[in-house]
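Engineer: Protein sequence lines correspond, in order, to chains X and H.
Start counting at 1 in the first sequence, then tack on 1182, and there's your number in our numbering.
Start counting at 1 in the second sequence, then tack on 6, and there's your number in our numbering.
Don't take every hint at face value.
Residues of chain H clear of chain X, computed beta-carbon distances all greater than 10 Å [stated by the list, open to error]:
#	residue
1	98
2	155
3	158
4	344
5	429
For the chain X half of the interface with chain H, some residues (derived, Cβ under 10 Å), not all of them [what the hints assert, rightly or not]:
#	residue
6	1198
7	1329
8	1330
9	1351
10	1356
Hints are computed from structural coordinates only; laboratory data are not their basis.
The beta carbon of each residue, even a glycine, is placed where N, CA and C say it ideally should be.
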Amino acid sequence: MASHARIRRGRTGRARAFMAMGVVVGLGAITTTALWTDSASVAGTTISTGTLDLKVDGQDSVTGYTSLNITNMVPGGSVAAVLMIANAGNVPFTYVASSAATNTPVAKDLAAALQVKVTGATSVTGAATPTATCGGTTLAGTGTALNTGLVTTARPLAAGTNEKICVQVTLPSTAANALQGASTSVTLQFDATQVAP
Amino acid sequence: MTRPALGRLRGAALTIGAVLGVLCALSVVAGLVLGIRPLVVQTGSMSPTIDAGALAWGRHVSADDLAVGDVVMVPKGDGDRVTHRIVAIKETNTGTFVQLKGDANPAVDAQLYPVGDDVYRVFADVPYGGRVVAWFSGPIGLFLLGMYAMGMLFVALRPRRDDGDSPSDGDDPSQGAGDGRRGKRAARRLAATSVAAFGVLVSTVAPSWATWNDTVSLLGTSLSTGSLTTPTLTCVRDNASQVTITWTAATSPAAHDYTAAVVQNSQALPVLTSGAQRSVVVTPALLAGTLGTTVTVRVTGSLPGTSWVAADATQLVTTASGGSNIDCGSTASAGGPPVTCSVVGSNGDWKIKLDWTSSSNPTTGFVVRSTGAVPGTPATLGPTLRTWTSTGFESRTGQIWVVAVNGAVETESSRISYSFGNGQGNGNKLCPSP
């Protein structure tokens, strides 16, 4: 009787041991199926509790940006400002930027007439509006108009680094006569997205 | 007493391990059958919904099943995946795209993700589960898993009977003799299985970037253009055969250039400069073809090098027939006839009636003008008329007045503010005489 019980326990123990190995199978399956077929393999799994912090001119939001303001603009006039884009977090990111403009009056589409240029100049050429310009060559993947991408090709910034870009807005000398007395309000938006380290 | 207690403990541990193992195995099978994939969430951009370090499960879905609000795992295009919430689904002629946003992110993802066959909707997650999986895929975890696997293999593949335990219990006479062989075989199997288990486990967990993002907006930029200035013209009659029109050159928003011409015969007039003063001289010789009439001299400001021009300034110039006695004409000025205004008509058909007095008849006649579009205006009337009545109207307000026209010279009456409200009655129909 006692020996029978031991034998039975021995058999069921074996079965349970087999079943218990399912844990290994399960964890193995998770680690393998989590390996998406199309994904780049990264050595080890890092769970990041890092922070991503984009700052423009040292700030997280700017409500009264006036460096690109200009009044009484005439054809051929321009305004320019240098912006410092900083990665104040501890993970690398890439950033893009866009602009959105609202015309007043709406019928005078000043925003569509204005030309945009983005360069890597670290200071503005020409002290004051309406002749301030950005020197240097135009950065690759940057926009030439308002209401669209300003920086369209994502620019990388390592954690703790920064770069300056120069933004110039010009009213071309070919601007239509109807654009007299027009105004446009512009919002520049910078978007940073974390990238794999 | 100790042996049975240890045995029970071992039995309980085996049972728990077996239950967990069966659950794990079943979940793997279910996952394969149902298209479910687990994923370690590596960052906190979906917190508090899914925290960093969670283990999330996504189920394969087709593009049609997606809805705004779903949390999905989609390929980013660079091999990694992003796990974010859908805020918009955009159908374009190049396919369906989803706009995603991390719950903890202030802004939507800059990139639109195409929806292909490779989209998984997150339906469950276990906080810290990803950390556990990650830990088990690390060196210590792998080692422990390996030990666990070996231990279980040892239990499962050990000889059927403990050697020292009840030798008389042997159910197979040959067993005792075969123990050594069986032991070696078991050891080989165990080693092989362990290597296989390690092979399965020595794999890395793909990153699922529930990526952080951050947005900075620069508000407040205002760009505005200037307007060119229309000059104020001053006309002086120098003598019977010459008038001079002068104005001050504008410098805002930039220095203006000027041109001047006679509208009626397109005769260009040379603009003379004297300091900031600009002038044109008009003589009968420049008014060929228009002698004996009133002509308009137009002065236009422009910005050099651009297409920008100012609104025209005009000055009337009169000549007697034959060109004698050139003089400055005037546009409408005050001093027109005194006018009274009354509301006449009947319900649903209320009108404005104007009456005025004038001791002499103007050479050309009268014109009734209004703002607010009084029906019938502007009305050009003969020089002998002293009254005018509109057609019926309502729901308009503005001003109405009478102009006496003497050739090029117009004189206006004072302007009367009228107010015709809605409806049939005349309670809200007002036209008070000044």
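Engineer: Now tell me, hint by hint, if it's right for this structure.
Structural biologist: Hint check:
1. Its beta-carbon lying about 17 Å from the closest one in chain X, residue 98(H) satisfies the requirement of being farther than 10 Å from that chain.
2. Listed as a non-interface residue, residue 155(H) fails to keep its Cβ farther than 10 Å from every Cβ of chain X; the least gap is roughly 5 Å.
3. For residue 158(H), the non-interface assignment is contradicted: its Cβ lies about 5 Å from the closest Cβ of chain X, within the 10 Å cut-off.
4. With a least beta-carbon separation of about 38 Å from chain X, residue 344(H) lies farther than 10 Å from that chain, consistent with its non-interface assignment.
5. With 10 Å as the threshold on Cβ separation, the claim that residue 429(H) sits away from chain X holds: the shortest Cβ distance comes to roughly 34 Å.
6. The interface hint given for residue 1198(X) is met, as the beta carbon of that residue sits about 4 Å from the closest beta carbon of chain H, less than 10 Å.
7. With 10 Å as the threshold, the beta carbon of residue 1329(X) stays out of range of chain H, its nearest partner Cβ sitting at about 13 Å, so the hint is violated.
8. Taking 10 Å as the C-beta contact cut-off toward chain H, the hint placing residue 1330(X) at the interface is violated, the least distance being around 13 Å.
9. The interface hint given for residue 1351(X) holds, since its Cβ lies 6 Å from the closest Cβ of chain H, which is under the 10 Å cut-off.
10. Given hint, residue 1356(X) at the interface with chain H, holds; its Cβ is 7 Å from that chain's nearest Cβ, closer than 10 Å.
Checked against the numbered hints above, the structure breaks hints 2, 3, 7, 8 and satisfies the rest.
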